[in-house]
Structure formats: C-alpha cells, structure tokens
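Engineer: In case you want the letters, here they are:
Number of protein chains: 2
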Amino acid sequence: MEKYSIVNYSAGKNWLTVAWKDGHASIFYYIYLRDNCPSPRNIHKNGQKITETAQLDTDIRPAHIELVQNDTINIIWEQDGHQSEFGAKWLRDHCLSKQEIEKREMKNRLFEPIELWDSTLGIGAPQADYQQIIEDDTSLTVWLEYVRRYGFAVLNNVPIHSGAVIEIARLFGYIRETNYGRVYNEKTVLHPNNLTYTSLALSPSTDNPYRDPVPTLHLAHCLQNQVQGGDTIVVDGFKVATMFRIEYPYLFELLSTVPVNFRFRDKDHWIERKATIIGLDAQKEVCSLRFNNRAIQPFEIENQLIPLFYKAYQTFARMLDDPAFQVKFKMLPGQLFITDNERILHGRTSFDSKEGKRHLQGTYADRDGLLSKLRMLKKKQMPD
Amino acid sequence: MEKYSIVNYSAGKNWLTVAWKDGHASIFYYIYLRDNCPSPRNIHKNGQKITETAQLDTDIRPAHIELVQNDTINIIWEQDGHQSEFGAKWLRDHCLSKQEIEKREMKNRLFEPIELWDSTLGIGAPQADYQQIIEDDTSLTVWLEYVRRYGFAVLNNVPIHSGAVIEIARLFGYIRETNYGRVYNEKTVLHPNNLTYTSLALSPSTDNPYRDPVPTLHLAHCLQNQVQGGDTIVVDGFKVATMFRIEYPYLFELLSTVPVNFRFRDKDHWIERKATIIGLDAQKEVCSLRFNNRAIQPFEIENQLIPLFYKAYQTFARMLDDPAFQVKFKMLPGQLFITDNERILHGRTSFDSKEGKRHLQGTYADRDGLLSKLRMLKKKQMPD
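Chains as they are written, first to last, in the numbering used here: chain X, 1 to 384; chain W, 1 to 384.
Take these hints with a grain of salt, some might be off.
Note that the list lumps identical chains together, so a pair holds whenever it fits in one copy or between two copies.
[As the list claims (entries may be wrong)] Calculated lysine-lysine pairs in the PhoX-like style (CA-CA distance at most 20 Å, straight line):
1. Lys187 to Lys13
2. Lys330 to Lys357
3. Lys107 to Lys89
4. Lys267 to Lys379
5. Lys187 to Lys107
In short, the hints are calculated from the structure, not lab data. No experiment lies behind these values; they were computed from the predicted model shown.
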C-alpha cells in the first residue's frame with residue numbers, strides 16, 4: 001500500500017491546501033472537512049454519519065491547525081470548538097482533484113463496466129452449475145458476476161422440485177412477492193389471467209412494467225418440458241437501445257420522453273403505471289427499459305404524434321425481435337435462467353400443448369441484494 | 001351514459017375521419033386502429049394484447065369500410081385481410097383529439113391530484129381507526145386515499161402485538177423483505193448496525209436510499225413508548241422540493257443532476273447506490289426523493305463544485321428541518337404510521353432510554369399494491 005506523506009499545508013480563507021511529498025497538492029474546503037470529520041462523535045462505528053450537515057456553519061473555519069509528523073493534520077474549529085484529526089491516508093483518499101478521483105475510481109472499483117451483447121454471446125457463456133455455486137463461493141461469485149455484467153445467466157442441474165427457484169434467489173437476496181404470489185407457475189391453463197399461461201408465443205419483453213417499482217430481477221426454473229417449441233429468447237435491451245439511439249436519435253428521444261400506459265387487470269387487481277419505454281438517469285444514460293407489448297395500452301397521446309410514435313415503437317420492437325440481437329435456447333428440466341428485468345427482455349416461441357407438459361416456475365427479486373452479496377464475496381476474496 | 005352516433009366517415013390515405021352527430025370529428029390513423037383492434041383474436045379476454053405491433057405493416061390501410069346503423073364501423077384490412085369491428089363507443093373513447101383526451105382524463109380519473117402539505121396539515125387530518133378499516137371497505141378506501149394523496153397517514157388502535165404491522169401491509173399489498181428482515185424492530189440496542197437502533201435524534205430522511213429499488217412504502221407500528229422524547233416527525237418532501245425549486249432553481253438543478261453515494265454496511269451486507277437526491281421524471285417533475293444524512297457518503301465530486309453543492313445540500317436540508325414544513329407527534333402504543341418513502345421524510349427527536357422502553361416495529365411495502373387495492377375499492381363503490 002502506498003504511504004502518503006504530508007510536506008506542509010497552508011490555510012486559506014475557505015480551504016486548506018495540503019502539499020504532498022510526491023508533489024501532488026490537495027485542496028480541501030473547510031466545510032467538507034468538518035462535515036466528514038471521521039471522529040467517533042461524527043461517524044458512528046457502524047459507519048453511519050452522525051454529523052448533521054444542515055446544522056454546520058457554512059463558513060466554518062479553523063481556529064487552530066497543526067501538522068504532526070507529516071502524517072496527521074489536527075484542526076480545532078472556530079465555530080463549534082470541535083477537534084478533528086485527519087490522517088494522511090484519509091486526506092489522500094478524499095482528495096477531490098480530478099486526477100485523484102479517477103485514480104480512486106480505478107483502484108476501488110469492485111466491478112468492471114457492464115458488457116453489452118448480441119446473439120454472438122451464445123448460450124455457452126454465462127452458465128454455472130448448481131452444485132458448484134452451492135458449495136463454492138468462487139463459483140457463486142462468477143455466476144453472480146455474470147448476472148451483473150450480462151444481465152443474464154443460466155444455472156444448470158438445479159434440483160427439480162417446486163420452490164427451488166426461491167432457494168436460488170435466497171442465495172443472494174429476497175423474494176419480491178407480488179399478486180402472482182411468491183412464485184408463479186408458467187403452464188397452460190384454461191382461463192389464463194395472463195398470456196404467460198397459454199401456449200402462445202411471447203415476444204421479448206420485460207416483466208411487470210405496470211408495477212411501481214418494477215421487480216429488477218426475474219428468475220425462471222424449468223420443472224418439466226415435453227414440447228418441441230416454447231424456446232426461451234433473451235435480448236440485451238441496453239445493447240438494442242444503444243444501437244437504436246445511434247441510428248434513430250429522434251425516435252429514441254420519443255421513447256425516452258413520451259410516457260405510455262402499462263396495465264394488468266384481473267378480478268382482484270388493477271395495476272397500472274404510466275412511464276416511458278426507455279428510462280434515462282440524470283446523466284441521460286439508459287438505466288431502465290419497460291417494454292411489454294401485451295401489457296401496453298392504446299397510446300393516449302395527441303393524434304399528430306401518432307405516426308412518428310408508431311415509427312419509434314415499431315422500429316425499436318423490430319430491433320428487439322431481430323435474431324441478430326437474440327440468444328435462443330430450450331429450457332431443460334433443472335435449468336434456471338435469471339435476468340436483470342430492467343435491462344434484459346425475455347420471450348418464448350409458441351408451442352403445442354398437445355405434445356406434452358411445459359412447466360416453468362418463476363419468481364422476482366431485486367438487484368440490490370445481489371450486488372450486496374457480490375460485493376461481500378469479492379471483498380472476502382480480495383487480498384487486503 | 002352518453003350515446004354517441006356516427007353520421008358518416010371519410011377514408012384518407014393514412015387515416016379515417018369520423019363525423020359525429022354532436023358535431024365533433026375524430027381522426028384515426030389506420031395503424032392505430034389496426035393495432036388496437038378489439039377483436040378476441042387481438043385482445044385476449046383477460047385484457048392483454050395479442051396483436052404484435054412490431055409485425056404490423058406500418059402502411060396498413062383498409063380494403064373495405066362499412067358504416068352500420070350509425071353505430072359500428074367495419075373494416076377489412078388490405079394487407080392481412082383481418083376484419084375489425086369498431087363500435088361508436090370504442091371509437092369515441094379512443095379519439096385522440098386534445099379535447100377528447102382531456103375530457104376522458106377528467107371522466108375516468110379515479111384519483112384527484114396529490115395534495116402537497118406543510119405543518120398546517122396537523123396530525124388530525126389523515127387518521128383512521130383500525131377496527132373501522134378492517135370491517136368497512138369505505139373506511140379502508142378513505143385511509144388508503146390519505147396515503148395516496150398526502151403520502152402519509154396514521155392508523156389508531158392497532159392491536160399491540162408483534163407482527164401486526166405486517167397484517168396492515170397485507171390489507172393492500174406485499175411485504176418488501178430486506179436485510180433487516182420482514183419487519184425491523186426500532187429499539188435501543190448495545191451494538192446498533194443502524195442509528196435507528198439508538199436513542200439519538202434522527203433528522204428527517206427517506207429510508208434505505210442505498211437500495212435499488214428503494215422500498216416505496218414504509219410502515220411503523222408503536223408497541224411500547226415509555227419515554228418523554230422520541231417524537232415522530234414527518235415532512236412532505238415534494239412540498240419542500242417544490243418550494244426549493246422556486247426559490248433556488250440553480251441549487252435544485254444541482255441536487256437533481258449530480259448523483260451522490262448512499263451506503264449501508266454491516267458484517268454481512270454492503271448495499272450501495274449512486275443516485276441524485278431529487279429524482280425527476282421524463283417531464284422534469286419531481287418523482288422521487290432520496291435524502292438520508294446518515295447513509296450519505298462524502299461527496300465524490302470535483303472540488304470546484306463543492307461550495308455550491310454544500311450550499312444546495314444545506315439549504316435543502318435546512319428547509320426539511322424547518323418546523324413550518326413538519327408535522328410532529330408522539331407515537332402511542334397501538335398507533336401506526338405509513339409514508340410514501342419516495343416522497344415523505346420521517347425522523348424522530350432524541351430520547352433518554354433510561355426513562356423506559358420505546359419499541360416501534362416497521363416494515364416496507366410498495367405503492368403499486370396499494371394503488372391496485374385502491375382502484376378496486378373505488379371501482380366497486382362507483383355507480384356504473
């Protein structure tokens with residue numbers, strides 16, 4: 001580990017400048033230092049912050065500063081008399097120069113950027129074996145890392161019994177219970193309240209776009225499959241959205257700004273949400289997709305926008321349907337697949353229910369639990 | 001119910017114009033009509049859409065149109081030979097003129113707009129009685145409507161036993177299980193992994209901003225309260241954000257575009273999320289808040305932005321702390337309060353745990369379940 005040494009400091013009106021032995025200089029605004037003072041009175045030993053930022057004097061400044069052995073800067077604050085002790089490591093780790101922020105981002109990064117994919121990913125890549133991930137943390141880490149990176153992974157040789165899908169979700173997180181129950185059973189029924197429970201083809205979609213919040217992980221486990229068709233299709237919606245944005249920026253603009261309605265109704269439920277098909281974060285990056293042609297409602301937008309909006313919707317939908325973006329595979333009993341439900345669309349081809357039985361059991365969970373588990377596993381495996 | 005009568009129609013290149021007896025004219029793009037054809041082959045009787053929009057010919061047009069008894073328009077489509085039957089009511093209900101969209105929005109609206117509030121709301125307003133909402137759907141509707149409208153409601157005389165808070169959540173939805181369990185117990189413990197489990201004051205905050213997705217409803221039920229302090233504080237964050245936006249548009253811009261880090265760590269979990277404090281929807285309206293001074297991490301933003309960002313953060317935080325925006329009350333055993341966790345902040349004053357015991361039991365749930373229940377209740381009570 002690098003050992004940082006402080007050469008000297010100078011105290012300005014609003015900030016402290018720290019000069020380092022390696023030639024770097026850091027500027028710390030006093031308000032930032034006081035706010036983040038690491039003393040036990042300010043940060044609880046559980047890591048939570050006690051300092052009430054709102055109550056700090058915005059113009060807070062030091063009454064006294066002292067550099068001890070090139071290694072620690074002690075400050076007594078004028079306004080509240082509080083004493084802070086900042087170690088060299090803490091200071092360097094909190095330097096907000098562009099260069100140091102970037103260095104830290106690289107150094108502390110537990111996760112590589114996600115990888116967008118198309119049909120060339122194939123089904124071979126993001127797979128693992130049930131017994132291995134149960135017995136071995138390294139295998140579990142690899143599998144969960146697939147989910148994070150590709151938004152999609154397959155697990156083989158899962159015990160074939162009802163409820164096994166819950167056990168898999170509990171390896172990393174918590175079940176998101178919904179009106180479909182803790183698990184739902186994808187098989188053909190006589191009076192389906194959802195087209196999932198038919199033998200119809202299901203074009204690639206994200207699940208439950210009518211929900212708020214949408215479940216962020218979807219798991220499906222094959223218990224029985226005696227039919228020829230019913231193949232599973234997965235598509236990286238972020239990949240498609242990225243291409244769509246490049247090729248059709250104006251259509252992308254429409255799908256990311258004009259909300260549509262998604263709805264699910266049966267005799268006991270009326271779940272509905274108005275939201276854009278493409279969700280952007282504050283930096284205008286794609287962060288969530290809601291696409292489900294079965295749950296979408298007639299567009300309720302002014303007529304003059306209809307032709308262009310259809311162009312946008314159909315163009316995007318046709319890209320999602322393009323085999324060049326799809327991975328297609330047949331779920332065998334004991335196989336399970338998991339998708340990031342705000343990124344990956346999944347669908348199935350139609351089948352003939354006269355050929356036999358097809359039974360998938362599915363459940364929902366959330367990303368935060370999976371990422372927490374993955375951080376803990378990675379941390380355990382990292383050299384300290 | 002109004003009875004609409006069609007006088008005549010004219011078929012253009014891309015759209016059908018329908019002239020109504022009341023003088024109104026509707027324009028329907030052919031692609032819209034074909035896409036939303038209500039036949040059982042296109043819309044399943046469960047309400048889900050079978051038509052694959054992606055597969056429709058964008059230039060689809062009628063081969064034959066027929067008006068029957070001023071009440072129905074039948075179309076045979078040129079490209080796929082499909083026959084559609086559009087009743088006058090369906091057509092009028094799908095007219096996309098500005099005027100008709102607005103009329104429909106008013107007519108079909110189950111929900112009034114939400115109401116923003118400040119301290120003048122008082123604790124008296126959004127309250128109900130446990131026994132009444134259990135026995136009577138009208139009372140339940142009123143209480144759930146409080147939650148939707150104010151983002152906050154109190155329930156009195158809830159049975160005082162562990163787990164009762166789950167029973168309340170199950171009246172309208174599903175428990176969002178987290179690393180804290182299906183319920184968490186807010187009482188003072190020796191080694192708290194969260195400051196909630198101390199006797200410290202908690203400044204108003206939304207819960208679990210480090211989660212993705214954040215639980216959208218929070219419920220807390222008082223089982224025991226023998227201390228003087230520990231008063232509950234609630235603040236309408238949307239109200240404060242609205243005032244903040246008007247008074248400090250540039251600071252508002254910062255909090256809605258520059259993401260910050262929220263984190264929770266203990267020996268088994270490392271939950272972290274980077275997100276803006278103020279979340280905006282595609283129309284730039286405030287749709288979610290994440291504010292929690294205990295879970296926030298040192299800002300990792302370039303130094304030159306620090307003074308202004310502190311100004312934004314402190315200004316917003318001080319507004320949230322302003323009693324003019326707060327409702328404060330003492331939770332008595334048997335009382336429960338619920339908040340929309342993306343809108344309402346809650347906090348508590350400090351207390352002296354030597355005075356006695358204070359035990360709240362909390363849980364999380366999601367908005368979609370509550371809104372679904374509310375729609376079903378309202379529909380049942382509406383004259384048809």
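Engineer: My question is about Lys330 and Lys357: at a cut-off of 20 Å on alpha-carbon distance, are they close within one copy, between copies, both, or neither?
Structural biologist: For Lys330 and Lys357, only the intra-copy Cα distance (14 Å) is at most 20 Å; the inter-copy one is 58 Å.
Engineer: From the Cα coordinates, with 20 Å as the cut-off, is the pair Lys107 and Lys89 best called within, between, both, or neither?
Structural biologist: within (14 Å within a copy, 63 Å between copies)
Engineer: Which holds for Lys187 with Lys107 at a C-alpha limit of 20 Å: within a copy, between copies, both or neither?
Structural biologist: Neither way: Lys187 and Lys107 sit 48 Å apart in one copy and 39 Å across, limit 20 Å.
Engineer: Classify it for me, Lys267 with Lys379: is the Cα-Cα distance of at most 20 Å met within a copy, between copies, both or neither?
Structural biologist: Between copies only: 11 Å across, 48 Å inside.
Engineer: Could you place Lys187 and Lys13 in one of the four classes (within, between, both, neither) given a Cα distance threshold of 20 Å?
Structural biologist: So Lys187 and Lys13 fail the 20 Å test inside a copy (70 Å) and across (44 Å) alike.
In summary, the numbered hints that this structure violates are 1, 5.
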